[in-house]
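Chemist: Take a look at the letters that make up each chain.
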Amino acid sequence: MNALAFANPLILFGLLSLPVIWWLLRLTPPRPKAEIFPPLRILATVLKREETPAQSPWWLTLLRMLLAAAVILAIADPVMNPRASSLNSAGPLALVIDNGWSSSVDWERRVETANMLIDEAESADVPVSLTFTADTNNEPTAGTASAARDKLAAAEPKPLVPDRLRAIRTLQEALDGNPLGTVALISDGIAAPGDNDAMTALAAFAPNDVRLYQGEGRGAVALTGATNNSETMAVTATRLDTAAPQQLTVNALDQQGRSLASGTVDFAAGSGTATAEISAPFELRNDFARLSVEGLATAGSTHLLDDGFKRRRIALISGESGSDFQPLLQPLYYINRALSPYADIIQTNTADLAVAIPQILENNPSAIIMADVGRLPAETYEPLERWIARGGTLIRFAGPRLAAAPADDPLVPVRLRQGERALGGAMSWSEPQSLADFPTFGPFAGMPRATDITVTRQVLAEPTPDLAERTWASLADGTPLVTTRDVDAGRLVLFHTSAEATWSNLPLSGNFVEMLRRVVQMARAGGATSASAGSESAAATLPAYRLLTADGLLSTETSGVRPIMIRAGETPSATFDHPPGLYGTEDGFSAVNLLPPGAELAAFDPAPIGRAVTRESLAGGEAVSLRPALFAAAFAMLILDSLIVLFINGAFSRLPKGSRRRSGAAAATIAAVAFGLLAFQPHPVSAQEMPEGSGAKAGDEQILEHLDTTHLAYVTTGEADVDRISEQGLEGLTEFLTYRTTLEPGAPVGLDITKDELSFYPIIYWPISANAPMPSQAAISRIDAYMRNGGTVLFDTRDQYSSLGGGGSTPNGERLQQILANIDIPPLEPVPENHVLARSFYLLTNFPGRYNGSALWVEARQDARNSANQVSSGGDGVSPIMITGNDLAGAWAVDQQGAPVLPTVPPDDMQREYAYRAGVNIMMYMLTGNYKADQVHVPALLERLGQ
Amino acid sequence: MASIGQIVEQTPSSEVLSRAQARAALVPDCMVEAKRIANTVIAGWHGRRKRGMGENFWQFRPYAEGESLSRIDWRRSARDDHTYVRDREWEAAHTIWLWADMSPSMMYKSTFAMVSKESRALVLMLALAEILARSGERIGCPGIMEPVSARNAAERLAAAIMHAPVTTGLPETAMIRGQSDIVLIGDFLDDADSVMSRISPLGKRGLRGHIIEVADPAEETFPYTGRTEFTDPETGEKLTSGRAEMIREDYQRAYLARREALGEGLRRLGWSFTFHRTDHLASEALVAVHGQLSGMPATFPGGRT
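So the protein lines, in turn, are chains F and G.
Note that our numbering has the first sequence beginning at -13, numbered continuously upward.
Note that our numbering has the second sequence beginning at 315, numbered continuously upward.
One or more hints might be untrue.
Below, a list of computed lysine to aspartate or glutamate pairs in the EDC-like style, where the Cα atoms sit at most 20 Å apart [stated by the list, open to error]:
| no. | chain 1 | residue 1 | chain 2 | residue 2 |
| --- | --- | --- | --- | --- |
| 1 | G | LYS518 | F | GLU819 |
| 2 | F | LYS741 | F | GLU800 |
| 3 | G | LYS518 | F | ASP881 |
| 4 | G | LYS518 | G | GLU578 |
| 5 | G | LYS518 | F | GLU899 |
| 6 | F | LYS918 | F | GLU819 |
| 7 | G | LYS518 | F | GLU721 |
In short, the hints are calculated from the structure, not lab data.
So here's chain F without its partners, still in its complex pose (with noise of 0.2 Å):
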């Protein structure tokens, strides 16, 4: 396959003009006279070159032989690999295109690579029949190259696993027991279930010719699985390629899409599956809505997590009612303290339980917890049981009462011994007893053995075989002192002593803190799963809410997909029926993720077709074009050559006259290892690869030049008008600064809000313009943040005279209000007669631009009933934002020359002179915070001194 070709072979005929070339290099001219000649440069405009060397060295001469030659060479185009291939035209063309969820990634060149097939179909007239193995209704009929070409520009890749087997049956029905002349698998790669028949349903066609089409699986990178442990979220992630490590970043969003922490998979070589902890705060991670690999968008590479990792609604119930003049010995001051900063905690306000449970249950909490309840009312059992086994996890406390409830209480975990065991005491050999080490398993593992506690009385729980499995902490004696059950869905917890300090110091240790809050974080987010469900048939029929689409990200689309039964406690996996996506409403959505928990990607394997298959690689990138290299090279001699001429000229002559003899061989030295370092180094060393030591980073520079100098700096909206009046605006207003005032500024600076750094500049002009696309929710939350910390953006909206029409709003108006839409603004107020921007360096009255009338808003001033108590606000008491009409850019902006770009309306020059001082005054504002409202207080100030 290393076959070379031309693209352009009669360029090679330029070839034969090397000796040419040779014969004109060989040519010298006569020394010239001397002359100094001042207007040199305007000699130079009319002097065409038409030098050469007196007696250029052979090797040198080979040099720029060789130059040329690759030069005539690369302009051939010489190609490796170049693809070639012949149908089959015994019968018709089969193309079998998978359109799962990995082929999104290289979606455009399988279309391409089957364009081509279908070309040479129909250049070899042979009927081509199309099958999609991630679609449910194929029609697979052999048709005309058009027809099919037609059905390939409305396929789309799927977010599904594909179904090759039901894909290759349809095929069967259509073809109808025809022959096949060739058959085409385009693969996404991946084994799915049903190959193997799918394989062995195609041999029965006996095509003539099958060829594989794979692509570098890429795209073949899937999120199988995520966990939330006490501290980080473990994600799983599989490959299909295990060849080389890999590293991906994978992030976790929001419901609005931002990220809100990420975590990196590594793939050591030769393994398929790896784990990313994510690590962020047990608040922020109830915030996760999907976790989604970087820089791969397809359905597989997202998993949606759906609310069952949610922060947790707890009830709490207490067997005495006791009396709120001493909190401290009531059992739920510690539980309510110790959890209210991570759950939602949910008290009765009725000490009745037949009441208070009832009402609790309605509630749909994720857990209850009860502190030393010994019995509870009759009635209130059965709806606890059926809350529990629907997912439901009770934790309860003993104490003087449950010690004293009767034995065959179905609501505790462990059968439990009739009366408490006391440690220690006067009537007592033994000790109060320490914690033991937490066993490995369970929701404490890898916690710290907790020294500080020491248990004085606990219920007891009677031997049984399995109490050691279902003991979560038990003191150093062995007893137990958290027990465990599960229920069906839901799970029974027990503390083996009181929630308060008189059995044990637990609730007063900070371990107290970290074990209730891992036991609730086992529990069911939601509740107890639809309680409108009876107790058996807890399987709930749920709706589809938002679909995952190819590219990985959530729609609204929901046509087309049947409702899904969710069983509690199982995750179910998608289908053709259901698609990856969430089921429920918004209120409370299951997650239905592509792959199931666990899943690993295998290779696909076409071997039971039985028959010799042809692989080939996709269509582009495939074939390798020497020219780029060819063109280095020529590039790499062309820079060679220069050296050696200069060097030729007497460049190095400045060299000390001793040094001179030497300097030949050091300007070799230099050719020779600038060549080298071309010739070897196929990548130039870029900032990313310095030594890790020297503590730089990439853009280091750019941000100390941004640091040394102020500059204003501009939004680019990417209408390129509107940027360039804003840069020549801020241009003039550069210059009129630095002319009148000690402010010099550095050039304006266009800025991409979505990724360049803001809080370089005091002042962001902002000009809106309704044509241009409406910028991203996360730049203009980008923006709320940089006025949050103290910027100030100028929103100019440049519509002062459109709007005097009918009083409403303008296009530019209307998408301001849009993008104030999500910021939070303060109230506005024009600016009044004596605000500090009318005077912080010229005495102004208004604040004119192009256009004069539009008033200027900023924030609207505290009252003087609060001005009195007011804190300074983050900002220096400087207005975060600032809206004009008057298209101030307008009036400042400046050609090349100085002279104005646009006409103020009307047209006085007096209105730009106040339109620069409007700008300057804005600036002094931006840059001395409330210094000049001081100044305006100096005389009350000194007076109040006494001077």
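Mind docking chain G on chain F? Use the hints.
Modeler: Here is chain G on its own, set in the frame of chain F:
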């Protein structure tokens, strides 16, 4: 054959000064036709047509309560029952900034010329300073001397130049304020656009300017023949021409086109442009600029404008 052009040493200020004074003696006083006089408080010879400090009578007006008694003109007051105060006309001085290019390319002198371009430029500058100072104007040199209003301004300028560091390129002009005149003397060999881009901001700021281009005859006529290597004295750049006489016409066209473009650009800016060759007499240029400054452009053939 010896080369046509050469680089000469910088001319001493004292020599230039004496030559300049000799030239200046031939030229009458020059009162700058100042259409727009800056609001300077320094007394000068430009009547402002309003009352203020000055020597000439402007008006009598009735004495107002509170004015100093010493300002009453008793001679006039004695004529009738009222007391009068004599007002004088406010007379202000005008500021002229002079600047001569002293870059290496100005040191050039060919065999056809009498002196180097730099020497001629200095002579012109100092002679102008002498003439203008005689008329009581304020003379300054950007970057070298603050404006002074003194009879010996030319001597002070010559002394200042002697001690000034060598500068190249157009001067720093940020200190020039208000409505003044500026006279720039140099060879302006850069292409017209770049010269204009340096000058036009000055024009935009309301300065009135006068440009004197000093050229060597060899630069204009291009008397070179044969294979010649040309060297730029500023950059050291080299350029070799196979047969210099072949490109003479092209060169002359380009050279004159540049001058045309420069003159055109300056005219648009409202500035005057005077061309002067070093094989002509310095007085010619002096008279021409004198005319430009005083608002009466010369019409005789000696001064090329």
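Chemist: Run every hint past the structure and note whether it holds.
Modeler: Each hint tested on the structure:
1. The suggested pairing of LYS518 of chain G with GLU819 of chain F is violated, with an alpha-carbon distance near 33 Å, which exceeds 20 Å.
2. For the hint linking LYS741 of chain F to GLU800 of chain F, the alpha-carbon distance of about 25 Å lies beyond 20 Å, and the restraint is violated.
3. Straight-line distance between C-alpha atoms of LYS518 of chain G and ASP881 of chain F comes to about 12 Å, which keeps the hinted pair within the 20 Å bound.
4. A C-alpha spacing of about 16 Å is found between LYS518 of chain G and GLU578 of chain G, which places the hinted pair at or below 20 Å, so the restraint holds.
5. Between the alpha carbons of LYS518 of chain G and GLU899 of chain F the distance comes to roughly 13 Å, so the proposed pair stays at or under 20 Å and holds.
6. Distance restraint check for LYS918 of chain F and GLU819 of chain F: the Cα-Cα separation of roughly 15 Å lies within the 20 Å cut-off, and the hinted pair is therefore satisfied.
7. Among the hinted pairs, LYS518 of chain G with GLU721 of chain F is consistent with the structure: their alpha-carbon atoms are about 13 Å apart, no more than 20 Å.
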